[in-house]
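**Student:** Produce the complete structure using the sequences and hints provided.
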Amino acid sequence: MDFDFTDEQIALRGLAREVLTAESSSQEVRKQMADATGYSESLWKQLAETGLLGITIDEDHGGLGLGVIEQALVLEEMGRAAYPGPYFSTVVLAATAIIAGGDRAQLDAYLPGIAEGTLKATLALMEDRLATGPEGIGLRARSQGGEYVLSGVKRFVPFAHVADVILVAARTSESPSDPSHGVTIFALDKGAEGVSIEPNVMIDQTNKVSTMTLENVRLPREAVVGQLDGGWKILEIVLRRAAVGAAAVMLGAARKCMDMSVEYAKVREQFGQPIGSFQAIKHACAEMLVEVENAHGATYYAAWAVDAAAPDAALAASVAKSYVGEASRKVCGSAIQVHGGIGFTWEYDLHLYFKQAKFLEALYGDAEFHRELVLREVMTPQAVPVLA
Amino acid sequence: MDLNESPEHRAYRATVRSWFEQNKPGELEALEERRAWHRKLYDAGFVGMGWPKQYGGQDASPIEQAVVGEEMVRANAPGTINGLGIGFIGPTLIAHGTEEQKQRYVKKILTAEELWCQLYSEPGSGSDLASLKTTAVRDGDHYVVNGQKVWSSQAYSADWAILLARTDTAAPKHKGISYFILDMHAPGVEIRRLKQITGGAEFCEEFLTNVKVPVENRIGEEGEGWVLAQTTLGFERGGSLLARATRHKMVLNRLIEVCQTMPRNGGMAIEDPLVRQKIGKMMVETEVLRYAALRLLSKLQKGQRLGPESSVDKLYYSEMDKRHQEIILEILGPYGQMFEGLPEGMALDLEATRDGEDSWAHNFLWARAGTIYSGSSEIQKNIIGERVLKLPREVRADRLARV
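Heads up: the protein sequence lines correspond to chains A and B, in order.
Residues 0 to 387 (numbering that gives the first Met the number 0) make up the first sequence, in order.
Residues 0 to 402 (numbering that gives the first Met the number 0) make up the second sequence, in order.
I should point out that these hints are in silico values taken from the structure, not numbers from a laboratory.
Predicted model only: the values in this text are computed from it and were never measured.
A few of these clues could be false.
As the list claims (entries may be wrong) - Here are the in silico distance ranges between beta carbons for each label pair: (1) Tyr372(B) / Val266(A): 31 to 39 Å; (2) Asp258(A) / Glu31(B): 52 to 60 Å; (3) Leu227(A) / Lys301(B): 47 to 55 Å.
Claimed, not checked - So these bits of chain B aren't anywhere near chain A, every CB distance computed over 10 Å: (4) Trp36; (5) Thr110; (6) Glu189.
Glycine included, every Cβ here is placed at the ideal spot set by N, Cα and C.
**Tutor:** Spelled out as structure tokens, the structure:
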């Protein structure tokens, strides 16, 4: 039983921090926020060269072959840097789906490109219905002459506008009693006919999302990733990883906001003394530490549990997403309050973290959604081990 | 990072679990029954596990302690008695006592042959404990103690107390305090039980009038009392956090059971989405406590000591418990407020963790104490702010006075 990171994991975290410090300064982040593509090619190359793009891809396909804990460490650093770009969509969403469901040809076609930085990808999941479960997937894919014809609207697709491949969750058959049946994932290459991508303007400018409209988009049978009608099984794996990954990013954002608040409270003086000497401010900072330490425990317990396929992996992932989502909201918000007026200015960096955490809080199941899953998990008899 | 239980610990857990299955007693009422059960636990090697072998302990690892703590809770077995003695007075004596003091007192703490309490707080000294006014004046081979103490848990059954008293009224307040062993049966010790908002009376207040304390009952040097009291760290604290999380989870599991048969808003309570959200949130927070406990255990297992960061866990647990008890009473409505007479199938039905009955109602009231005792939440936040985050100390009138 050891909750500490290994030396290798600590080194990896150091590497991620080094790359991000050099390539994702506040100035750089703001540049990408204002840029239509929303990411830096130079940083993307660095992420490829350091192996971070292929972190969970096996070595045969050019990756590092590491696990969920390592991925979480990198993502926490990205949260800490308010990193802008398609890392999450490519590595956490798309690569996970391809690894989980792809056949040999698909693995060979996509994974090496992702690892070496020549291929950006994403997953189109949400639609008009605000649902994280399979009932939310209604985009039709009709079988027609050996092909599939897809029509419908996908919403909040991260970095669709720069993706070379978009995995689309579509409905190939209706089964009202079990909506998880009949979902199929299609790999859609950039530039396919009938696809229009309309960027949205959101609070968080570090994560660019689009509304994606498909009008009679024709795809061959080979575009199906995983089993026909059996795509939800893959999406479950992806969503679990996304829950842990989002928790890690939000943890990074929260810890950064806490650090900034504590430093500021030491130097900002009012009434002739540093504001950190006042209990109102000191206690706010202490509450941030409680949330951040708990968020750390929840994130990395979940990362470990998913990696180790522990019996409580599903429970832990939902605990992490729901707890850390609310914790990061509290901490990032409280940081603005501790800073006062300066925390409300565009030029100060707090809002970058505040907004990025908010973006992830709402996706991949919000706190409410995951609380319901937690209750279902604890009510299933075999769940919940003792000491772990 | 590997959170799997090792094969050895898994095997140990199995042994402990079967011991509790075979030995768990029925309901215990009188102190002597509880003492006998305590003795049985001691003989099994489950008391003072982290203490050195030479003083009757087991030199057990933090994980082994945690396993026993957790299995005891899982078995819904009655706990040990003499908690303060075992949790920190014994370890304090082992760390700071003379050889004579260790020989005389330590073993009997473990076996609960002698029960201990702690005389710290005073009517005028709560959070500002160092302002305490009880005096100990040296008179030849003994000290004469005068003053009033309060909030001493189970003092009414205690044989001995660990006492903080002022030996130098001229010194700065933290430096004039000494640490003593006080005979609770000595002349001049008057004990009154304090009735609490729970209706129970496990806390007491004491009036100390010319109580003689032999010089050999001082722990450490004169004036060292505050430092010794501050540096004392329980040997078993890490394990108990995990047991707490487990216990809390059992309470919530019981709540789910009750909600499955309790009609509410036209269906069973468990079908109500609002109830589900509330229980889901409590479960999330309880799991997070368990992870914190595992993290702490992992540190302790590596021989790291607990520092001021342990305030984070105390603050989280006590505030969480208070919040959860309120939510539980929202869900159960007036049933949650019943001390007695709950309909069949609605009672909490878990072994009492402390004196007094255990019920939804009792837990609700008792949770108010958790954010006050052992340093209130406000004091914990000061500790976290100043000692962990290194924020500047506040300007305080008692510090200004010394300038």
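**Student:** Are any of the numbered hints broken by this structure? If so, which, sorted upward?
**Tutor:** none
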